[in-house]
Amino acid sequence: MLTIILIGFVLAIGAIAIHRLLKNYSGMAFAVYPAAAFVWFLTQYQTVASGEVVMSSMEWLPSLGIALDFKLDGLSLLFALLITGIGAIVLTYAGTYMKGVDHTDRFFVALILFMASMLGLVLSDNIISLFVFWELTSFSSYFLIGFKHEDKASRKSALEALLITAGGGLALLAGLVLLGIGGGSMSISELLTRGNELADSGLFNAAMLLIIIGCFTKSAQFPFHFWLPSAMAAPTPVSAYLHSATMVKAGIYLLARMSPVFNGADGWHATLLLFGATTMIVGAIIAILQTDLKKILAYTTVSALGLLTMLLGIGTSVAIHAVVIFILAHALYKGCLFLVAGIVDHQTGSRDIRKLGRIFKDMPYTAITAIIACLSMAGIPPLFGFISKEFSYESTIGMITNSPLTTSAFFLTGVFFTAAAGMLSYMVFFGKRNKLKVKVHEAPVTMVAGPILMALLSLVFGLSSGWINPLLDQASLAILPGNESLKMGLWHGINTELLLSLATLLVGLSAFSFIYLNPRLMSRIEISEKIKPSYAYEQVMEGIADLSKGVTRYVQNGYLRVYVSMMVGTFCVLALIILQDFGIPKISILWSDFRVYDIVIGIIMIIACFYTVMAKSRLLAIAMLGIVGYGVAFVFIIFGAPDLAMTQILIETLTVVLFVLVLWKLPRYLIFAEGFIKFRYFLVSALFGGIMTWIVMIVTQYPLDSHLKVFFSENSYPLAMGKNVVNVILVDFRSMDTLGEIVVLGIAAIGVYGLVKFNGDKKGGKA
Amino acid sequence: MEDILPFLIGGLYAGGIYLILHRSFVKLIIGLIILGYASNLLLFTISRVTRGAPPLIPEEASQLTEPFADPLPQALILTAIVIGFGIQAFAIVLIKVGYQAGDTDDLDDLNTTDRLED
Amino acid sequence: MNSTILSTGIRILIPLFLLFSLFLLFRGHNAPGGGFVGGLVASIGFALYAINYGAERARRRFYLRPLKLIAWGLLIAVLSGIIPLIAGETFMTGLWYDEISIPLLGKPGTPILFDIGVYLLVAGTILGIIFSLWEE
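Chains as they are written, first to last, in our numbering: chain A, 1 to 767; chain B, 768 to 885; chain C, 886 to 1021.
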């Protein structure tokens, strides 16, 4: 499994080269990768269906308990098949769809990167590697949404999606870490059995809440749902793949994966149920108010994700069955519909349902595909969507509390879904009239084949659900261990669910006719900007920008002296707080120990320093500076550092030479500060100097225990054959450091060279 | 000398900071050089000083015998001095180029890139 | 700047500075000296020459290319780290060839090579700075 994922990452890197080589056929070539992976996963089908689990493990950071562990069980296999299967279809489709668009190579890089990350995400058995893959999907999604980067709206949507999902990602990381600490393991399969330990650790609720937030942002739950419709700025294959079939279900996947731990906790059920149901209804209502094909699909996707969350919240045996069935059903029909929307857009140049109409005869295959998918969406037998709806009704009806409320919420959603399905099929392909100015043709086979396949699968799984039954059964067992075995079928006899389904259809159809007959009325319904969560998001973002501007303007005001004063002041305050514990050090100068030249050198240095500071002319200041430097060299000589002294003297000479070389081109000393300001500067610097003195005195009063001194003195000759220990440290023991330092030195010289040369060139250009 | 080193260091630090606080470019560089001296001396002093005993292994011996100066800070300071020079040279050239381009020695005239536009 | 004493003296001094700098470089492992100090001394001779006769003349007279010196210095220093890798040790392990001892230079080993790299780089850096300032 690791190999499959790694191949994906390698392929993503090589995608640019491959694309250059194959040009317009690269899409199909790339599709070989997910197709091959799909076949491999299919070979595992029997193993997984019989209840076994395929494991693969590799150490990554063993000291932190982070490993590249992969586990393939029913749930993972379901997702892996969806990712690779739809991935192959989407790549083939995109090869044609993106023909003639600039930077298609980048598109494929991001798409393949996403594919590999998403596979890693659903296969990971370690919470940290899961998180890494999770973030990678967010990033690749960012690049894909912002693919049309010249477009401002596109960039904005990409950033919005990134900020929300990555923000949620932070919450998720915190949640996962708490989970790992509480459960005492980083492995997911172990954590799933340690719910009790987690509850004992007291981290249960915090971990649960944070993980839920992470999942909600990723899976576009209310009130974070608005990034998903904005993400429709991405090219349609991306919308089909990331923003309906796979990435947005990552949140659902993780909720499902963590279900065995959290299922049973009150907060878990209540939160998922409440937010899921809200998202479901809000998404469905907004969907039918849209006129853009992709927006309709996006909002129904939001609604579908809400439904999945709600079902997970219900958490009963049948609800979990409904979850796995709906994941498959939704991926099939929604992925198909997105691709159809892309075809329509590609062939007609419009996605507006008010303009589209009567194109059935022009593109019959596409139309039939779309109709089948819409029938599945509306939940009409014998399609797979119908089975899914039956199970959903069964789970809402079977609830112990709040059953009528939830059932009616689902009923309402079903009605809107049916209406939306009508809008997507009837209004586009039949409708009143065609307002398009172009002649429409059927799309090439590479684009149509994928959607047809998906639509057919919706039909096949509906008619003979037994084929897929074992896999979904295993998937539901992964979410709810010990779940009853799943029995899917089209006909369950005449019962409440069936009647409700029929009622949904009837009301849905009448709702559709209402929309169809009163297009003006629908366009008049507008949702006030201020109650949308995206408004709050924008307010927050503006607020952050304003705040940072304000802070920057205040703190980074461009005056060096203010910066320096702030730094020095902060340092002084902090140092004083610490120093007050030490008290005033005893000044015990033993005059008998003093030698005359010590005192003379000290006094000369102080005086020279004073004159450097006070000098009115630059030359005097530099001469005095030289004296201070030579004084430092003397200190080095006195205390047994001949190497330092030599270097210091040479450098000092060079500095003075350098200054003199440049001096005659430099400005005169200007005097800006006078009187009181000077006094203030003096106070600040005197305080700083005093504190440094104090620190040095205190530090030197405590004994020093240096192992390094002993180590170097003992090993310098035996190990490194050198008798000058300083040099041995420089060129042998710590030669790596010296290497870094000489690199810095070389860079400084090149910098000087560049500055001078650049300046010279500029002058040359003027002349 | 050991006892007056702290005062020397403090004095150098004070002088360096005082120069940096002024708006003049040349003073800024001289201040930085003085701060460099102060820091080297600080590092030298807080790792304890030993008078007149360089860390050189005698001809016939194979390791040092106490008392001897700690070689590690010396190695650190040695590179610090040379790198400090490289940075100074860079800064000096920068002043010169800045002076020629902007015709000013006043640091306050050079902060336009640092300010946010309203 | 043009002084008769300096211009006569520097011609004799340059070889002396160079010799002394090499002396400092090679004794550095056992006595005060080393690549840093050696490089500084070497560059001071040429720097004085440049100040007296102009950088362009110094460049032509001694075939000096400071940037190339920097590059060579860095190359030699890195090379001294790679040689142990070939010998199967980790990067920058000091290797010594004990068998022979060259007079004045001592035993050959990779740390000496590294020090030579430092020497060249420091000399190149200082000369590069002085030359580019003086050329204007």
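What the hints contain is simulated information worked out from the structure, not anything from laboratory work. Be aware that a few hints might be false.
[Said to hold, decoys possible] Far from chain A, some chain C residues (derived; all Cβ distances over 12 Å):
{"hint": "1", "residue": "I890"}
{"hint": "2", "residue": "L903"}
{"hint": "3", "residue": "R912"}
[What the hints assert, rightly or not] Below, a sample of chain C positions facing chain A; criterion: calculated Cβ distance under 8 Å:
{"hint": "4", "residue": "L904"}
{"hint": "5", "residue": "P917"}
{"hint": "6", "residue": "G919"}
{"hint": "7", "residue": "A932"}
{"hint": "8", "residue": "L980"}
{"hint": "9", "residue": "P993"}
{"hint": "10", "residue": "F999"}
{"hint": "11", "residue": "S1017"}
Note that beta-carbon positions come from the ideal geometry of N, C-alpha and C, so glycine has one too.
- Task: Tell me, in ascending order, the numbers of any earlier hints that this structure violates.
- Result: 3, 4, 8 and 9
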